[in-house]
Amino acid sequence: MSQIRILDTLTNTKKELEFSDKVRIYLCGVTVYDQSHIGHARTIIIFDTLRKFLEANSILVEFIQNFTDVDDKIISRAKEQGESANGLSSKYIQTYFEDSDRLNIKRATNYPKATEHIEDMIDLIQKLVDKESAYTSKNGVYFRVSRFLDYGKLSKKKTDELESGARIQVDESKESPLDFALWKFSDEQPCWESPWGKGRPGWHIECSAMSIKYLGKNFEIHGGGRDLIFPHHENEIAQSESFTNEKFVKIWMHAGMITINGEKMSKSVGNVKTISHVLDSWGPNVARLFCVSGHYSKPIDYTEDLLKENLIKLRQIETCYYELRLSEYTNDSEDISELVRDSRVKFDAALNDDFNTPLALSVFFNMIKSINSLAAEEKITKNMSEKVLPVLEYMLDILGLKIQTVSDEEIKSVFTLIKKRENLREQKQFEEADKIRDEIASMGISLIDHKNRTVWMKKEIIKAEK
RNA sequence: GGUGACGUGGCAGAGCGGUUAUGCGUGAGCCUGCAAAGCUUAUCUAAAGGGGUUCGACUCCCUUCGUCACCUCCA
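Heads up, the first sequence is in the numbering used here, so the first residue is 1 and it goes up one at a time.
Derived from the structure by calculation, the hints contain no laboratory data. Backbone N, C-alpha and C define an ideal beta-carbon position, used for all residues, glycine too. Worth double-checking, as some hints may not be accurate.
[Claimed, not checked] With beta-carbon atoms standing in for the labels, derived distance ranges:
(1) 420 - 268: 34 to 42 Å
(2) 312 - 111: 49 to 57 Å
(3) 18 - 281: 37 to 45 Å
(4) 14 - 331: 31 to 39 Å
(5) 60 - 111: 40 to 48 Å
(6) 147 - 309: 50 to 58 Å
(7) 266 - 305: 20 to 28 Å
(8) 301 - 432: 23 to 31 Å
(9) 330 - 90: 55 to 63 Å
(10) 301 - 331: 33 to 41 Å
(11) 18 - 397: 21 to 29 Å
(12) 172 - 266: 29 to 37 Å
(13) 101 - 439: 49 to 57 Å
(14) 156 - 76: 46 to 54 Å
[Said to hold, decoys possible] Quick list of in silico lysine-lysine cross-link-like pairs, DSS-like style, CA-CA up to 30 Å:
(15) 463 - 428
(16) 52 - 217
(17) 402 - 308
(18) 153 - 308
(19) 106 - 273
(20) 217 - 127
(21) 247 - 313
(22) 264 - 157
Hey, can you work out the whole structure from these sequences and the hints?
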């Protein structure tokens with residue numbers, strides 16, 4: 001496999017993905033105080049697709065995604081609902097997995113939770129205190145930003161500008177408004193004992209602690225949404241590099257936001273489309289196609305029209321797949337080896353070059369078009385399908401698309417029914433024939449009448465389609 | 001105000017210093033008993049405005065305008 005290059009936010013250049021035995025990826029997960037939305041889904045889908053691409057090319061991947069299950073939002077939401085913080089976060093972790101499974105996301109190697117790594121965080125904070133990179137105030141333990149000279153290198157911010165433009169209400173107990181909490185004192189549950197007093201961890205420290213624990217001091221890819229660049233990832237760098245005295249990660253990869261009417265989708269704006277909502281109306285395949293239809297680093301606008309467009313594409317894929325699967329002819333009229341080889345090469349090349357999914361998709365759909373065009377002329381042979389299917393399945397697998405499958409039993413009964421219908425059609429008993437077509441349709445199967453032969457396919461049922 | 005990204009045909013969206021991106025949409029047609037799906041073909045001959053560099057720029061440089069994100073929690 002040739003070189004993979006990815007745009008690194010830190011250096012703002014495309015960097016070659018270098019690794020020894022495996023590629024280690026840490027993805028900042030969600031704060032579990034509510035249902036996840038399609039914006040979360042896009043980020044996860046991007047990294048899941050990247051992972052599938054690497055694995056399909058025999059590269060080992062260790063994929064870690066955390067859950068932030070201790071946080072002020074969780075606590076206040078739990079209070080509102082008269083529930084424990086733990087109860088609330090467990091509930092949303094569960095719905096997260098339900099969404100993720102429906103989206104055909106491969107489970108991460110590990111999903112560490114903040115609450116299960118308090119000790120690791122305390123150790124890390126202690127080291128930072130020892131090194132004078134952190135200090136205790138009356139409210140908690142804070143990171144001393146002035147001790148980390150590279151602060152701002154990821155988000156391209158200068159500390160003096162940050163300070164002057166600070167919108168944060170000033171906490172007089174902090175040495176500098178830029179200093180951020182590593183540990184917040186609190187007696188309220190959930191809280192933990194620490195050398196400095198009872199409390200709970202700040203948001204940023206968990207990702208440093210858990211990524212270092214699971215992936216080491218210097219791993220290949222750290223990902224997340226663009227909105228995490230500052231302050232979250234900036235702070236992670238400050239903590240981790242102060243702790244290890246080493247460069248933290250090799251590549252920072254950030255996913256663009258999903259917007260609605262050009263405006264960022266977020267809980268605070270209140271224009272959220274939840275994953276389950278999108279899945280209920282459009283299904284996982286359309287959702288995934290939609291999420292990779294633009295370059296990962298750019299925003300995508302969520303519109304019905306775009307979803308619909310991707311539904312049409314899904315139908316083309318389904319047709320292509322079933323035409324290949326049900327091929328019967330044996331005498332090849334054309335050689336498609338070149339097409340198949342070329343498609344595979346270009347598909348990979350697009351993904352190798354900064355994970356250009358829209359370009360890869362155009363290659364993918366070109367191949368589909370060519371096959372469907374042969375299918376329309378009834379030129380698909382068994383031999384062709386043997387050549388195309390592995391490549392098609394390779395691409396489907398990477399894109400995380402799952403075409404509806406049928407059992408052998410279903411295949412048998414469909415064949416019998418189709419035969420019956422063909423006889424009736426020959427005898428021009430169309431009403432009877434249509435009844436059989438309806439019967440087949442009730443099994444979720446559509447027929448495609450070619451000149452000489454009827455092909456069929458099982459289509460995904462999409463609610464939004466009328 | 002600061003920082004970053006970006007502005008491509010009706011819409012979505014890539015690449016590239018000189019050759020059709022691609023898809024959707026739209027028009028026409030093919031196939032069909034009908035339908036659905038699919039296919040064929042046509043259509044749009046696009047680059048925010050203004051300068052430059054160049055034999056040649058959508059692609060490089062400058063500039064004006066505009067959009068978005070981040071600068072507080074956020075994927």
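Outcome of range test on Cβ distance (residue 301, residue 331; 33 to 41 Å) = violated, 48 Å
Whether the CB-CB distance between residue 14 and residue 331 falls inside 31 to 39 Å | violated, 47 Å
Cβ-Cβ distance between residue 420 and residue 268: within 34 to 42 Å?
-> violated, 59 Å
Cβ-Cβ distance between residue 156 and residue 76: within 46 to 54 Å?
-> Check failed, 33 Å falls outside 46 to 54 Å.
Using the C-beta atoms of residue 312 and residue 111, is the stated range 49 to 57 Å upheld?
-> Hint violated: Cβ distance 35 Å, outside 49 to 57 Å.
Cβ-Cβ distance between residue 18 and residue 397: within 21 to 29 Å?
-> Given a distance of about 25 Å, which is inside 21 to 29 Å, the answer is holds.
Residue 147 paired with residue 309, Cβ distance criterion 50 to 58 Å | At 51 Å between Cβs, range holds.
With respect to the beta-carbon atoms only, verify the hint that residue 301 and residue 432 lie 23 to 31 Å apart.
-> For residue 432 against residue 301, whose Cβ atoms are near 49 Å apart, the range 23 to 31 Å is violated.
Compare the distance between the alpha carbons of residue 153 and residue 308 with 30 Å, and conclude whether the hinted pair is satisfied.
-> violated, 41 Å
Falls inside 55 to 63 Å, the C-beta gap from residue 330 to residue 90?
-> Given about 57 Å between the Cβ atoms, the range holds.
Would you check the hint for residue 217 and residue 127, treating anything up to 30 Å between C-alpha atoms as holding?
-> Cα-Cα ~15 Å, so holds.
Take the C-alpha atoms of residue 402 and residue 308, compute the straight-line distance between them, and say whether it is at most 30 Å.
-> holds, 18 Å
Hint violations for this structure: numbers 1, 2, 4, 5, 8, 10, 13, 14, 15, 18 and 21, all remaining hints satisfied.
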